[in-house]
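Enquirer: Each chain, written out:
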Amino acid sequence: MAHQAHPYHMVDPSPWPLTGAVAALLMTSGLAIWFHFHSTILMLLGTVLLVLTICQWWRDVVREGTFQGHHTPPAQKGLRYGMILFITSEVLFFAGFFWAFYHSSLAPTPELGGFWPPAGITPLDPFEVPLLNTAVLLASGVTVTWAHHSIMEGDRKQAIHSLTLTILLGGYFTFLQALEYYEAPFTIADGVYGATFFVATGFHGLHVIIGSTFLAVCLHRQIRHHFTSTHHFGFEAAAWYWHFVDVVWLFLYISIYWWGS
Amino acid sequence: MAGRLLLRACATTLRSNVALRPLYRSMASGGGIPTDEEQATGLERRIIMGFKEGKDPYSVRVPKSYSATKEDPQIVPCTGNKRLVGCLCEEDNTAIVWFWLHDGPSQRCPSCGAYYKLVHNELPH
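The listed protein sequences correspond, in order, to chains A and B.
When we follow the working numbering, the leftmost residue of the first sequence carries the number 1, and every step to the right adds one.
When we follow the working numbering, the leftmost residue of the second sequence carries the number 1001, and every step to the right adds one.
No lab work stands behind these hints, which were simulated from the structure alone.
None of these values were measured; they are calculated from a predicted model.
Pairs of lysine to aspartate or glutamate residues, derived as EDC-like cross-links and limited to a Cα-Cα distance of at most 20 angstroms, are as follows:
| no. | chain 1 | residue 1 | chain 2 | residue 2 |
| --- | --- | --- | --- | --- |
| 1 | B | 1064 | B | 1090 |
| 2 | B | 1117 | B | 1072 |
| 3 | B | 1064 | B | 1091 |
| 4 | A | 157 | B | 1036 |
| 5 | B | 1070 | B | 1090 |
| 6 | A | 77 | B | 1056 |
| 7 | B | 1064 | B | 1122 |
| 8 | B | 1082 | B | 1122 |
| 9 | B | 1052 | B | 1037 |
| 10 | A | 157 | B | 1038 |
| 11 | A | 77 | B | 1036 |
| 12 | B | 1064 | B | 1053 |
Kindly produce the complete structure, drawing on both the sequences and the hints.
Expert: Below is the structure:
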């Protein structure tokens, strides 16, 4: 069968990197076309291709790891490094938006009235829905840890229950945040306050949706018996990502919602 | 969902002659989550099973360190009859001494004189 003397995974040729690159090209140029010529077809085509690429690429990773046994301990270590590096890059991504927020809010310009929140802005009460959101995400951090321990201890029923609960809490956060967005008395166009608020919390919300999706895939895989009590890195990666999303929210809450009000 | 339907079908067909218990709970683990012992496959399985027998055919672990003297040469496993050796004569050296190690009597590092001996490994498959 395999005639290698090393434990690493030399992947078979795959079309998904190419389709992913084409999708990225169509989405970006499609965005420009939409802005200038009011046509969304190119961007939508790119998005469809992106979704297809994502599903098929990661489906192949599951096949290679779970069904073909290519994810040996050293290969798994490489995957761990990869996920950690990716999350680190995301931390730096959010660092930029926090920089922008603090740049504008620590020394508010005369145009804003010389104070923060700027003149004319009524910020959201940090002790209302935002505090509930904080509790929801912290609770989801507990339930995802519960799920991890359940998997390690071989308890299928509890693993499925706690992972489902985690996803429901994530959905509840998204629902509450959507309501807040609808009801907010200011918009993204309301000066630098609106811009920093909605860009930072908006990207965070997108990451909550991505994280919830990742966890949902893990739930599906757990139900289908993919994970073993000692080898379940897909789940660990999702849990790491989820904790990262939680931590970003805590920073958002402290900085923008609480201090920034 | 299909998995659950399948398991329910198995439980139903088995019900007539076996004690009521979902298929996945008859695993050694009991709690319903399989172990690597039960479910690992392919290269991963070969590596894990090899470890249990004290073998490391895929060079996962750091190779065992010998004193590299004439009586106790550093063993270098090889699937062919020669292998490149890089000798780091002393810790923190920045220059690695590279040489081919051939089948046969021990060879010495041209720089520090450490003894190396090629030993055959079957190509795992």
